[in-house]
Amino acid sequence: MDVSHILDHLNDQQREAVTSEKKHLMVLAGAGSGKTRVLVHKIAWEVEALRRNPASIMAVTFTNKAALEMRSRIEELLETPIMDGWVGTFHGLAHRMLKRFHKEAGLSNSFTILDSDDQLRIIKRISKELGFDESLWPSRQSQWQINAWKDEGFRSDSVDDKGDYFKETINKVYKEYEKACLRDNLVDFGELLLRSYEVIKENSLVKDFFHSRFKSILVDEFQDTNTIQYNWLLEIASAETSITAVGDDDQSIYGWRGAKVENVESFTKTFEDTEIVRLEQNYRSTNIILGAANALIENNVDRLGKNLWTDKLEGEPIILYQAYNEQDEARFVADILKDWMNKGEMYSDAAVLYRSNAQSRALEEALLRSSIPYRIYGGQRFYERMEIKNAIAYLKIIFNNSDNPAFERSISNPTRGVGEKTLAKIRSTANKYNISYIKASAKLIDEGSIGGRGGTGLKSYLEFIARCKEFIEENPLSDLMEEIIKTSGLSAFHGKEPGEKGKTRVENLEELISATTNFEQSVREEKTYKEIAEDYLDMISLDSGDRQASEHDDAAQLMTLHSAKGLEFKLVLITGLEETLFPHGRSMENPAQLQEERRLCYVGITRAMEKLYITYAESRRLHGSDTFNPPSRFIKEIPKALINEIRPRAQTHIPYNRKDFKETKLEFEDEIGISLGQRVLHKSFGEGVVLNYEGSGDSARVQINFDQAGTKWLVLSYANLEKL
DNA sequence: ACCTTCTTTCTTTTT
DNA sequence: GAAAGAAGGT
36 MDVSHILDHL NDQQREAVTS EKKHLMVLAG AGSGKTRVLV HKIAWEVEAL RRNPASIMAV
96 TFTNKAALEM RSRIEELLET PIMDGWVGTF HGLAHRMLKR FHKEAGLSNS FTILDSDDQL
156 RIIKRISKEL GFDESLWPSR QSQWQINAWK DEGFRSDSVD DKGDYFKETI NKVYKEYEKA
216 CLRDNLVDFG ELLLRSYEVI KENSLVKDFF HSRFKSILVD EFQDTNTIQY NWLLEIASAE
276 TSITAVGDDD QSIYGWRGAK VENVESFTKT FEDTEIVRLE QNYRSTNIIL GAANALIENN
336 VDRLGKNLWT DKLEGEPIIL YQAYNEQDEA RFVADILKDW MNKGEMYSDA AVLYRSNAQS
396 RALEEALLRS SIPYRIYGGQ RFYERMEIKN AIAYLKIIFN NSDNPAFERS ISNPTRGVGE
456 KTLAKIRSTA NKYNISYIKA SAKLIDEGSI GGRGGTGLKS YLEFIARCKE FIEENPLSDL
516 MEEIIKTSGL SAFHGKEPGE KGKTRVENLE ELISATTNFE QSVREEKTYK EIAEDYLDMI
576 SLDSGDRQAS EHDDAAQLMT LHSAKGLEFK LVLITGLEET LFPHGRSMEN PAQLQEERRL
636 CYVGITRAME KLYITYAESR RLHGSDTFNP PSRFIKEIPK ALINEIRPRA QTHIPYNRKD
696 FKETKLEFED EIGISLGQRV LHKSFGEGVV LNYEGSGDSA RVQINFDQAG TKWLVLSYAN
756 LEKL
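Everything in the first sequence is counted per this note's numbering, starting at 36 for the first residue and increasing by one.
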């Protein structure tokens with residue numbers, strides 16, 4: 036067969052990667068160097084040149100979106116649909132494995148996937164039952180720690196908590212949480228991976244299945260793998276399996292949620308027969324933009340090393356704008372976008388990036404004022420909305436009696452007189468007889484042990500669920516969905532919430548009905564109504580829907596730097612480059628975290644194809660008070676020659692806040708005797724400049740940027756500062 | 001069970 | 001300054 040078409044449009048490095056004959060392959064793919072291209076072509080190469088069965092290839096990604104894109108690009112290149120291919124996300128593939136081998140995994144065939152909301156609710160209950168004070172031991176924190184342990188591969192009995200009071204305490208919650216999950220057949224996201232890792236490791240039948248089937252595993256965004264994902268991959272691979280890992284250590288920005296860049300290095304060390312290919316030619320950005328990115332990232336140590344180059348034009352200089360405050364910054368952004376459009380460009384080719392979501396408000400207001408259409412990424416996703424989750428809970432309980440979280444959610448939304456007390460009764464009965472909550476409720480009703488409001492409500496609920504079960508035998512999913520939303524009283528319940536909120540909720544519920552209609556129409560095979568509904572539930576359990584609004588309008592894109600990864604835009608504006616904001620204050624002390632911030636900045640810069648703007652504000656209203664932060668250190672790390680700095684125009688543009696600034700400054704000076712910007716001397720930290728303050732009297736604290744020691748908050752009455 | 005008021009917190013986010 | 005969550009009152 037002629038396979039040249041696979042190699043035709045690749046550069047030397049890309050071709051080297053695709054045709055590499057070593058057993059394993061590590062592709063260090065710089066931003067915009069065509070990494071997905073290599074991944075897709077590598078698969079095509081294995082199928083067409085090496086004559087591998089497509090079913091023997093596994094391709095793993097992190098997001099559903101990436102998996103979908105990879106699949107369709109492979110199909111496009113091979114000109115044939117992949118029928119039984121294991122192309123998907125880590126969690127999706129682990130889920131598939133656990134469904135197939137549920138017996139071996141010690142799960143029932145209808146285990147429930149717990150999202151983080153449900154997980155938190157269960158942890159809260161356990162924490163309470165153990166008598167922990169929520170304010171001392173916040174459940175959120177316990178949840179975080181438990182998930183971190185799972186990501187590291189620890190079960191509660193293997194956690195090393197000896198002598199660590201904090202860990203010992205949370206591990207008590209973990210232990211109970213494990214029990215509860217086991218009893219109710221609940222599997223959280225971390226558990227999908229941990230459990231499937233354990234099964235394949237310990238069960239030879241499962242191991243044989245994977246080892247004999249998969250000859251090649253390809254992993255995207257390898258720098259984002261955490262410990263359990265890495266080990267999971269190593270378990271799935273047999274001694275004969277070749278692994279292709281594609282990643283970029285410079286774009287590792289998820290260390291805070293357990294991702295280990297070190298996996299890149301340990302992979303090449305563990306497997307001797309690994310070819311390392313660097314993709315360094317960038318097809319995206321101008322020379323100037325790339326120069327800035329390269330110079331910035333040079334400041335990180337521990338890099339694997341890589342220097343992007345391009346044969347594109349120099350391009351225009353990067354523009355740096357110093358704004359008075361966040362409003363001025365936003366206005367500037369709006370002006371630039373207007374200009375962009377007036378030059379005949381599309382808004383949708385422009386992105387405005389920021390470090391944290393809170394920054395979007397000022398930008399949105401300015402864009403709204405200038406009537407610039409924008410689309411904002413972030414915020415809640417469709418299947419995470421409360422009203423949607425409530426409706427879905429009904430669907431879940433109809434198809435799975437033992438889905439206790441779905442029972443709890445549906446029984447109390449809408450409220451029907453069944454409160455905490457009745458629920459406690461149901462829970463204890465269920466535990467006593469080892470039955471599901473819904474069976475326990477039926478039992479209690481039959482026994483007549485629940486009377487009054489609770490009894491009536493519970494009874495009609497059970498009848499409703501029973502009716503729905505019959506309904507789906509003869510009717511499509513979308514009709515059932517409509518029945519649930521209308522007849523259960525959910526629509527009315529959410530509709531009477533105050534203000535716009537209630538209206539949107541009802542609209543979303545309507546939207547859910549059409550979502551199910553769409554799903555039905557996309558099903559190709561002959562399936563019963565019931566099967567389609569079950570597929571739908573499976574689909575949404577690992578895909579929380581889109582987070583963006585209407586696709587079609589020509590709108591400027593607003594998003595955090597994190598969500599910009601993997602995207603590209605002709606015009607990029609990175610806003611809020613101020614110390615404490617970006618790099619974020621919480622990451623400034625720790626060198627590893629600071630490097631991650633720098634990589635985040637690198638990701639931001641490398642999103643730009645043609646034109647890059649960087650802005651920062653002298654003063655910014657944050658958490659209700661004005662802050663004055665110096666420009667980000669990242670700005671200084673970009674060579675001056677690549678930057679064109681522009682300052683605000685006429686003084687008349689000075690906004691009101693400027694006045695407030697002076698007033699607070701004066702007040703503060705009167706009271707405390709120190710003003711912002713004042714240089715001071717501290718006994719141990721040396722010289723520094725006052726950046727910010729809060730509080731008054733004895734509790735007043737000042738933030739000082741010391742020349743040597745960095746930025747610190749000090750209580751003024753103890754600091755003994757000397758004015759210089 | 002529901003509503004109101006107070007307190008607390010304020011990075012990033014996929015599955 | 002605002003949103004979310006807890007606590008307390010009806």
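Since the hints were made in silico from the structure, they are not lab data.
Careful, some of the hints might be misleading.
Straight-line alpha carbon distances no greater than 27 Å define the calculated DSS-like cross-link-like pairs of lysine-lysine that follow [what the hints assert, rightly or not]:
{"#": "1", "residue 1": "214", "residue 2": "134"}
{"#": "2", "residue 1": "347", "residue 2": "562"}
{"#": "3", "residue 1": "58", "residue 2": "341"}
{"#": "4", "residue 1": "242", "residue 2": "202"}
{"#": "5", "residue 1": "236", "residue 2": "304"}
{"#": "6", "residue 1": "718", "residue 2": "675"}
{"#": "7", "residue 1": "214", "residue 2": "202"}
{"#": "8", "residue 1": "163", "residue 2": "504"}
{"#": "9", "residue 1": "214", "residue 2": "197"}
Label-pair distances were calculated between CB atoms; the ranges are [to be verified]:
{"#": "10", "residue 1": "170", "residue 2": "107", "range": "24 to 30 Å"}
{"#": "11", "residue 1": "625", "residue 2": "559", "range": "47 to 53 Å"}
{"#": "12", "residue 1": "381", "residue 2": "532", "range": "21 to 27 Å"}
{"#": "13", "residue 1": "134", "residue 2": "537", "range": "37 to 43 Å"}
{"#": "14", "residue 1": "269", "residue 2": "414", "range": "32 to 38 Å"}
{"#": "15", "residue 1": "504", "residue 2": "170", "range": "49 to 55 Å"}
{"#": "16", "residue 1": "755", "residue 2": "170", "range": "46 to 52 Å"}
{"#": "17", "residue 1": "399", "residue 2": "301", "range": "39 to 45 Å"}
Glycine included, each C-beta is placed from N, C-alpha and C at the ideal position.
Okay, the hints, checked on the actual structure:
{"no.": "1", "hint": "214 <-> 134", "result": "21 Å, holds"}
{"no.": "2", "hint": "347 <-> 562", "result": "53 Å, violated"}
{"no.": "3", "hint": "58 <-> 341", "result": "23 Å, holds"}
{"no.": "4", "hint": "242 <-> 202", "result": "33 Å, violated"}
{"no.": "5", "hint": "236 <-> 304", "result": "22 Å, holds"}
{"no.": "6", "hint": "718 <-> 675", "result": "35 Å, violated"}
{"no.": "7", "hint": "214 <-> 202", "result": "18 Å, holds"}
{"no.": "8", "hint": "163 <-> 504", "result": "35 Å, violated"}
{"no.": "9", "hint": "214 <-> 197", "result": "21 Å, holds"}
{"no.": "10", "hint": "170 <-> 107: 24 to 30 Å", "result": "49 Å, violated"}
{"no.": "11", "hint": "625 <-> 559: 47 to 53 Å", "result": "51 Å, holds"}
{"no.": "12", "hint": "381 <-> 532: 21 to 27 Å", "result": "38 Å, violated"}
{"no.": "13", "hint": "134 <-> 537: 37 to 43 Å", "result": "38 Å, holds"}
{"no.": "14", "hint": "269 <-> 414: 32 to 38 Å", "result": "37 Å, holds"}
{"no.": "15", "hint": "504 <-> 170: 49 to 55 Å", "result": "43 Å, violated"}
{"no.": "16", "hint": "755 <-> 170: 46 to 52 Å", "result": "34 Å, violated"}
{"no.": "17", "hint": "399 <-> 301: 39 to 45 Å", "result": "43 Å, holds"}
Hint violations for this structure: numbers 2, 4, 6, 8, 10, 12, 15, 16, all remaining hints satisfied.
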